[in-house]
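Trainee: Listed below, chain by chain, are the residues.
2 protein chains.
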Amino acid sequence: MVDYIDLDYIPDDNDLIVMYYVEKSEDCKDFQNACTEIAKESSIGTWTDIVTMSAEIANRLKPSIFYIDEPNGITKIAYNKDLFELNNISQILSAIAGNIYGMKALDNLRLLDITFPKDFIDMYKGPKFGTEGIRQLTKVRKRPLLGTIVKPKVGLNEIEHANVCGEAWLGGLDIVKDDENLTSMVFNKFKKRIEETFKVRNKIEEKTGEKKIYMPNITAPIELMKKRANFVIDYGGEYIMVDIITVGYSALQELRTYLDNKNIVIHAHRAMHAALTRNKKHGMTMLSIAKLMRLIGMDQLHTGTIVGKMEGDKQEVLEINEMLTKNSIEDNNLTMLSQEWDHIKPTLPVASGGLSPLHIPKLIDLLGIDMVYQFGGGCHGHPNGTLAGASAIRQAVNAIIDGFTLEERAKTNSELKAALKKWKK
Amino acid sequence: MVDYIDLDYIPDDNDLIVMYYVEKSEDCKDFQNACTEIAKESSIGTWTDIVTMSAEIANRLKPSIFYIDEPNGITKIAYNKDLFELNNISQILSAIAGNIYGMKALDNLRLLDITFPKDFIDMYKGPKFGTEGIRQLTKVRKRPLLGTIVKPKVGLNEIEHANVCGEAWLGGLDIVKDDENLTSMVFNKFKKRIEETFKVRNKIEEKTGEKKIYMPNITAPIELMKKRANFVIDYGGEYIMVDIITVGYSALQELRTYLDNKNIVIHAHRAMHAALTRNKKHGMTMLSIAKLMRLIGMDQLHTGTIVGKMEGDKQEVLEINEMLTKNSIEDNNLTMLSQEWDHIKPTLPVASGGLSPLHIPKLIDLLGIDMVYQFGGGCHGHPNGTLAGASAIRQAVNAIIDGFTLEERAKTNSELKAALKKWKK
Chain A
1 MVDYIDLDYI
11 PDDNDLIVMY
21 YVEKSEDCKD
31 FQNACTEIAK
41 ESSIGTWTDI
51 VTMSAEIANR
61 LKPSIFYIDE
71 PNGITKIAYN
81 KDLFELNNIS
91 QILSAIAGNI
101 YGMKALDNLR
111 LLDITFPKDF
121 IDMYKGPKFG
131 TEGIRQLTKV
141 RKRPLLGTIV
151 KPKVGLNEIE
161 HANVCGEAWL
171 GGLDIVKDDE
181 NLTSMVFNKF
191 KKRIEETFKV
201 RNKIEEKTGE
211 KKIYMPNITA
221 PIELMKKRAN
231 FVIDYGGEYI
241 MVDIITVGYS
251 ALQELRTYLD
261 NKNIVIHAHR
271 AMHAALTRNK
281 KHGMTMLSIA
291 KLMRLIGMDQ
301 LHTGTIVGKM
311 EGDKQEVLEI
321 NEMLTKNSIE
331 DNNLTMLSQE
341 WDHIKPTLPV
351 ASGGLSPLHI
361 PKLIDLLGID
371 MVYQFGGGCH
381 GHPNGTLAGA
391 SAIRQAVNAI
401 IDGFTLEERA
411 KTNSELKAAL
421 KKWKK
Chain B
1 MVDYIDLDYI
11 PDDNDLIVMY
21 YVEKSEDCKD
31 FQNACTEIAK
41 ESSIGTWTDI
51 VTMSAEIANR
61 LKPSIFYIDE
71 PNGITKIAYN
81 KDLFELNNIS
91 QILSAIAGNI
101 YGMKALDNLR
111 LLDITFPKDF
121 IDMYKGPKFG
131 TEGIRQLTKV
141 RKRPLLGTIV
151 KPKVGLNEIE
161 HANVCGEAWL
171 GGLDIVKDDE
181 NLTSMVFNKF
191 KKRIEETFKV
201 RNKIEEKTGE
211 KKIYMPNITA
221 PIELMKKRAN
231 FVIDYGGEYI
241 MVDIITVGYS
251 ALQELRTYLD
261 NKNIVIHAHR
271 AMHAALTRNK
281 KHGMTMLSIA
291 KLMRLIGMDQ
301 LHTGTIVGKM
311 EGDKQEVLEI
321 NEMLTKNSIE
331 DNNLTMLSQE
341 WDHIKPTLPV
351 ASGGLSPLHI
361 PKLIDLLGID
371 MVYQFGGGCH
381 GHPNGTLAGA
391 SAIRQAVNAI
401 IDGFTLEERA
411 KTNSELKAAL
421 KKWKK
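Which chain is which? The protein sequence lines are A and B, in order. Counted from 1, the first sequence has number 333 at position 333 by the numbering used here; the numbering is strictly sequential. Counted from 1, the second sequence has number 305 at position 305 by the numbering used here; the numbering is strictly sequential.
These aren't lab readings, by the way, just hints derived from the structure by calculation. It cannot be assumed that every hint is accurate.
The list treats identical chains as interchangeable, and a pair is accepted whether it falls inside one copy or across any two copies.
For lysine-lysine, the following BS3-like pairs were computed, each having C-alpha atoms within a straight-line distance of at most 25 Å [stated by the list, open to error]:
hint, residue 1, residue 2
1, 411, 425
2, 142, 226
3, 104, 281
4, 424, 104
5, 280, 104
6, 81, 192
7, 29, 280
8, 326, 417
9, 281, 362
10, 314, 199
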């Protein structure tokens, strides 16, 4: 029998490390045994001893369970890098996040975090732009980037869509994005939307002297995504947006490779992530998904608002943002493993979902200014419409950056005043 | 305010229908309200009223909650087909299985099933082969297809791998497949493995006069998957295998399109599905994933063993297999919606995971003979090795098809006798 538990084992640069939360089932005799089943099924083992397994293979490739914290249900497993195709995220997940979720030996299993050693990091390009590249492109330096999502999510035609974008930009927002379920609809075709929206964009840029960004949602089968990305580039776009979870890793890796020699920022929307991440005992953490996205090379990623309509508590969102933006992360033995990012640039975190201008003081206090803040209903829900809603958002951010309260600035900013009146509880 | 609840609404051919299991949170006043939040966030609504929403858009596009079964936590929602890009699975999921999982208004949400109306069905090709095409290709007619997975999952080099395949085929199995985490490793490169394995395959076909199948795992970023599929075709392969969940929908749709004019069967491995499907209150069902896979066009799909090492109860597995293989499905108001498959061929179900020859009587009794049964450890774990293990499996199946018990046939089949001895509890 191969013994997978080795608490004296010290991982080195050859090991990919995974931290799991584990709940054994009645079928499994103890916690150690549950950890062993995970290590086996995710690497070289199976449910019975087999004649095709040699001692040489077992010694060379067996993972080491080197950390067990049974009271907290946590284990860490070191996997030899030879168990992986280094630049193939789908293969990596099929091993460390594959069959193991379905084993009868477990009731619950949650992948908490992964440490990628240098040989893996070297295989990936990470974000092309990073925070600094985005700051240069947008010329926004001393405040967060401000955006809206065109609402209703779907329903407007191409011209209406472009006009809503125009009002949002004119009101003072930097970014307008499509919603996650808007791609190419019978009443709003992708190409015509791009044409109309960039026409308006160019006018507003001229009028305001500010850089204005449109993030079209190119989510689709991969060849169509490439065509859509090229179409956006042809019309002078600098950003595309993609629904990372419903698109999947195989296409995302290809998209990043394909766009490498094109000057375009990738904005990652995480619709569906909570099907995997929300249950605290099962699935995988948003932190681990976010780590894969930085590695693959998403420039911007939705990571939670703390204060909005979507779940995600303060500690979790802060840790994800830290992981996305720092160069070096320390292991805390509970929620985060260590990570050295080397040449990989940061991913800019995006807070979006149920936000209004009233949330801005808290957002900046909690999450800072190296962020994208997006307001959908909190812009188009303004009593005087999108233009006023966008103005109120920019006024609220200016207030906080300048050291004033929203109420102080509302005295002279009528749009902000009306927003406070509508959404104040 | 738009009212999304309309219990008198009768869905028609213009509606895509989704059945959800819903648990409201403390934030949400009642079950009806929770259903409304789902209908809004998955279509045209947001958390506040907005000036850009018109009555015309709401009337044209708002989904109808037409069925509420609060005691069972079930609702059905009819979505106008114009809310979707019909042939874009990623977009469809970003709507009906996207942000809604993360809403604070819910504690749990599970997508149970989807009914695709004819306009959607018409946009998809479904499986190229189907059960009948696979029967023709393999020339196996009156018994289940029998396979093994090379074990250990990873660790053998290319020659060792090919030799294990050779023993399995020679022993009487039809199919050998790579495991879900074996792609191209430092010690077992994809191309060399293909070359060596097909060399052996051709010899064994000649020797036995039987059709022998190798299913190489091409899981990777999509362009590499295409290259690997072409390489397999060049060496005379008729099958490829892909890890559907870790690869994702955007690449899967492209792969099916790309392979349409090539004569190759797609075998779908579902590693990681249980991260989404296992919790009975959250995520989505394997039934709904399987439905997407038949629609996209996976010819074979792992759906559960009932008796093996992986979870998946009897009713669930039987319903998935029924959905994959029948042309017309009836709504049961709890676990399955109706579905007319029209031109879409069946997907052949695969049972794999923790199976040994001892399970064969039960498997055939429960799941029938229009199946692929795969035995990994249950083949290579035979005391006399892979060749004997494969023989024992074929002997066990022949016994049941011929109307004998395993014990009766074990009297004259020494390989089966040794297998019974090892695994009998």
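Trainee: Decide, hint by hint, whether the structure agrees.
Mentor: Evaluation of the provided hints:
Taking the closest pair of Cα atoms, residue 411 and residue 425 come within 25 Å of each other only inside a single copy of the chain (19 Å); across copies the shortest separation is 80 Å, beyond that limit. Taking the closest pair of Cα atoms, residue 142 and residue 226 never come within 25 Å of each other, the shortest separation being 34 Å inside a single copy and 46 Å across copies. Taking the closest pair of Cα atoms, residue 104 and residue 281 come within 25 Å of each other both inside a single copy (16 Å) and across two copies (18 Å). Only between protomers do residue 424 and residue 104 lie at most 25 Å apart by alpha-carbon distance; the minimum there is 19 Å, versus 50 Å within a single protomer.
In the homo-oligomer, the alpha carbons of residue 280 and residue 104 lie at most 25 Å apart both inside one protomer (19 Å) and across protomers (15 Å), since each shortest distance falls under that limit. For the homomeric pair residue 81 and residue 192, the shortest alpha-carbon distance between copies (20 Å) is at most 25 Å, but the shortest distance inside one copy (47 Å) is not. Proximity of residue 29 to residue 280 under the C-alpha cut-off of 25 Å is found in both arrangements, the shortest distances being 23 Å within a copy and 24 Å between copies. When the C-alpha separation of residue 326 and residue 417 is checked against a cutoff of 25 Å, the pair qualifies neither within a copy, at 37 Å, nor between copies, at 61 Å.
When the C-alpha separation of residue 281 and residue 362 is checked against a cutoff of 25 Å, the pair qualifies neither within a copy, at 29 Å, nor between copies, at 33 Å. Taking the shortest alpha-carbon separations for residue 314 and residue 199, neither the intra-copy value of 40 Å nor the inter-copy value of 58 Å comes in at or below 25 Å.
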